[in-house]
Amino acid sequence: MQLSGRFGPFGGCFVSELLIPALEEMESAWLAAREDSAFKAELDDLLARWAGRPTPLYRAPALSDTIGCEVYLKREDLLHGGAHKTNNTIGQALLAKRMGRTQLIAETGAGQHGVATAMAGALLGLNVRVFMGAKDVARQQPNVRRMQLFGAEVIPVESGSRSLKDAINETLRYWTETVATSFYVFGTVAGPHPYPSIVKDFQRVIGEEIRADLQAELGRLPTAVMACVGGGSNAMGAFAEFVPHPEVRLIGVEPAGHGLETGQHGATLIAGRPGCVHGSISYLLQDDVGQVLEAHSISAGLDYPGVGPEHAWLKEQGRAQYVSATDNEALDALSWLCRNEGILPALESSHAVAAAMKTAGQWQAEDVLVINLSGRGDKDLAHAISAMDARGGVA
Amino acid sequence: MSDVYPQRPDSTPTNPLTQCIRACNDRGDGALMPFIVIGDPDLQATHAVVDALVAGGADILEFGFPFSDPPADGPVIQAADVRALNNGTTPVDCLAFIAEVRARHDHPIALLLYYNLVLQHGQERFFRDAADAGVDAVLVADVPLEESGPLRAAAASVADRLISNVLIASELSTDARLDQVAEVAGGYLYAVSRVGITGEQQDVAAGLQSQLDRFRRRVPLPVLVGFGISSPDHVSAAMAAGADGVISGSAIVRRIAQFGVGPSRDIDKMSAAVTSFTADMKAATRGTWRKARSATSSHL
Ligand SMILES: Cc1ncc(COP(=O)(O)O)c(C=O)c1O
Chain G
84 MQLSGRFGPF GGCFVSELLI PALEEMESAW LAAREDSAFK AELDDLLARW AGRPTPLYRA
144 PALSDTIGCE VYLKREDLLH GGAHKTNNTI GQALLAKRMG RTQLIAETGA GQHGVATAMA
204 GALLGLNVRV FMGAKDVARQ QPNVRRMQLF GAEVIPVESG SRSLKDAINE TLRYWTETVA
264 TSFYVFGTVA GPHPYPSIVK DFQRVIGEEI RADLQAELGR LPTAVMACVG GGSNAMGAFA
324 EFVPHPEVRL IGVEPAGHGL ETGQHGATLI AGRPGCVHGS ISYLLQDDVG QVLEAHSISA
384 GLDYPGVGPE HAWLKEQGRA QYVSATDNEA LDALSWLCRN EGILPALESS HAVAAAMKTA
444 GQWQAEDVLV INLSGRGDKD LAHAISAMDA RGGVA
Chain Y
186 MSDVYPQRPD STPTNPLTQC IRACNDRGDG ALMPFIVIGD PDLQATHAVV DALVAGGADI
246 LEFGFPFSDP PADGPVIQAA DVRALNNGTT PVDCLAFIAE VRARHDHPIA LLLYYNLVLQ
306 HGQERFFRDA ADAGVDAVLV ADVPLEESGP LRAAAASVAD RLISNVLIAS ELSTDARLDQ
366 VAEVAGGYLY AVSRVGITGE QQDVAAGLQS QLDRFRRRVP LPVLVGFGIS SPDHVSAAMA
426 AGADGVISGS AIVRRIAQFG VGPSRDIDKM SAAVTSFTAD MKAATRGTWR KARSATSSHL
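Here the protein sequences line up with chains G and Y, keeping their order.
Those letters in the first sequence? Residues 84 to 478, per our numbering, in order.
Those letters in the second sequence? Residues 186 to 485, per our numbering, in order.
No wet-lab data here; the hints were simulated from the structure.
If you want the ones that stay clear, here's a sample from chain Y, every Cβ over 12 Å from chain G, calculated: (1) Ala208; (2) Gln229; (3) Glu309; (4) Ala344; (5) Arg402; (6) Asp451; (7) Thr460.
Estimated spans, in silico, between C-beta atoms of each pair: (8) Asn210(G) / Ile452(Y): 42 to 48 Å; (9) Ala217(G) / Gly447(Y): 17 to 23 Å; (10) Arg450(Y) / Gly91(G): 48 to 54 Å.
A short list of chain Y residues far from chain G (calculated; beta carbon distances all over 10 Å): (11) Leu228; (12) His232; (13) Asn272; (14) Ala288; (15) Ser342; (16) Asp345; (17) Ser416; (18) Ala442; (19) Phe444.
Glycine included, each C-beta is placed from N, C-alpha and C at the ideal position.
From just these sequences and the hints, can you work out the full model?
What follows is the structure, encoded as structure tokens:
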């Protein structure tokens with residue numbers, strides 16, 4: 084490896100020796116692609132004309148009134164595919180092509196990353212195989228169908244807890260057997276080096292656009308940027324541009340599930356402790372001896388017991404702050420945003436909105452708060468409505 | 186024979202595991218190292234399995250600690266991990282188990298486990314406890330060469346006899362990589378006979394001989410071939426290709442699952458099956474060491 088892939092004590096490349104050659108090759112292809120203007124031009128062109136970048140930065144009037152400052156939504160929900168995931172999958176798929184790979188493989192939880200990988204494969208003429216926990220296959224049928232429509236093969240994973248973490252293990256296994264022909268498109272800023280850095284690179288366009296738009300409109304940096312954190316890719320993408328600007332507060336929102344005190348949540352940074360799984364050292368939800376625990380969140384995209392190592396480092400340094408929102412708070416925020424802004428956010432993104440709403444009254448009127456609306460909620464409709472019905476109707 | 190293996194500070198020729206492989210080779214045999222998961226199907230039954238392995242002629246015992254997320258393992262060993270976790274087997278139980286095995290058998294003991302269990306136990310404490318329990322060598326499946334420094338340092342600070350730096354090589358390992366491995370590796374080289382995960386397979390990969398020749402030219406350690414070694418024919422093929430010994434896991438774990446789990450569980454049958462399979466595997470190593478090689482063959 085040319086780089087250590089470390090973020091302070093976090094990160095690294097903790098995989099079987101058998102995967103090292105592939106990760107080394109990927110690292111050097113990525114480092115070369117970064118310097119290659121033709122690669123960047125092709126990526127930018129696809130992001131603009133196929134995927135619809137730049138996405139709008141929208142001043143949300145009702146949210147601004149409620150929270151008591153200038154609140155902007157970064158509209159990644161309007162990106163092709165319905166979430167920020169597309170930024171990353173197009174980038175990695177182009178990298179795979181550059182490396183001469185013919186097959187994309189991916190893990191998926193909610194199915195969003197799987198869908199975004201399937202779309203990228205269809206666009207670029209690459210075979211796609213997506214590993215998905217059998218539990219998630221059952222509860223995310225529309226996304227399974229979407230992946231199949233794009234020509235991807237969806238493989239239900241029956242091992243372990245049959246959820247996202249097991250899908251990652253299974254994709255790693257399959258990759259170990261097929262490294263010569265396949266490229267593992269990792270869905271978030273976790274995993275072994277170089278993934279946390281590659282995925283951040285492809286997602287940092289979110290923060291770059293936020294900065295440019297605010298500069299043009301208000302001539303200033305934001306006061307704070309908030310984003311939900313599953314593995315941490317949309318948050319890292321929104322934060323990266325502002326990390327060197329300590330006056331910009333960075334706030335990540337983790338899923339508190341049924342409540343932090345119940346143990347049924349996915350608040351890795353808040354309630355976990357450092358450990359090693361899926362290729363890097365980071366915070367981890369684990370038992371006393373180091374067995375990885377299952378996470379819980381109403382939103383499948385946040386239902387992950389690990390988190391990207393750079394978030395662990397931002398937390399440890401005090402550079403970013405991590406707060407949480409429960410399932411119920413996220414549902415409330417989802418319906419509130421529908422009614423008051425005419426926007427249906429993904430359940431994942433609803434956590435960021437919910438946490439922002441909890442800060443009402445704590446801001447100066449001229450403060451600028453940007454919430455990254457990482458995805459749209461159409462995929463969550465059935466699930467969200469039945470959860471609301473179970474609570475006795477819409478809030 | 187002491188001059189045929191270069192002396193190495195981190196892999197002294199006196200460590201029991203390396204010595205055991207050489208002693209097998211001096212008899213003209215390959216070393217047989219079966220792998221099982223501690224706590225599968227339960228701790229007591231694992232003791233029966235160990236005795237059965239020893240009765241069948243195992244030379245070295247390799248143990249896995251059950252882990253929730255084992256990406257280097259195929260379905261057979263994953264299932265063993267799940268069984269062991271479901272009956273509550275912890276790393277502390279595993280260490281106590283090894284101490285009990287050590288009291289009954291003087292076979293060298295190797296571990297193959299995942300890093301988080303070492304980290305959460307505390308790296309130094311882990312190696313101290315492992316050495317105290319009687320472990321001779323440790324391979325951490327998800328710690329490749331570039332991340333192995335802290336592990337080796339922790340081990341060196343508490344247990345000078347224990348080998349903490351067993352490393353893996355495969356056909357994908359470049360010569361440059363093998364040279365780096367040679368710098369730090371100890372005990373034995375874990376040669377993966379095919380690129381993939383643990384499991385059973387039909388045939389041992391064709392190019393194994395040239396692969397092992399290449400490893401041997403660059404890494405001055407005995408070479409054990411593992412991953413997919415699931416029949417006496419595989420053992421013969423690996424030995425003919427120039428292995429110093431073989432590692433077999435899934436084929437044994439499958440027999441444990443077949444007889445040691447479920448309503449028809451029969452520990453005696455399980456032990457008998459394990460012993461007879463081990464004996465067949467061991468027989469296939471006998472008199473095969475470097476048979477296929479030129480008359481000038483030596484340890485190197
Ligand atoms: C809309 C949306 N937001 C957020 C996430 C969480 O991932 P990350 O934390 O990597 O952004 C997902 C994952 O599926 C998602 O679909």
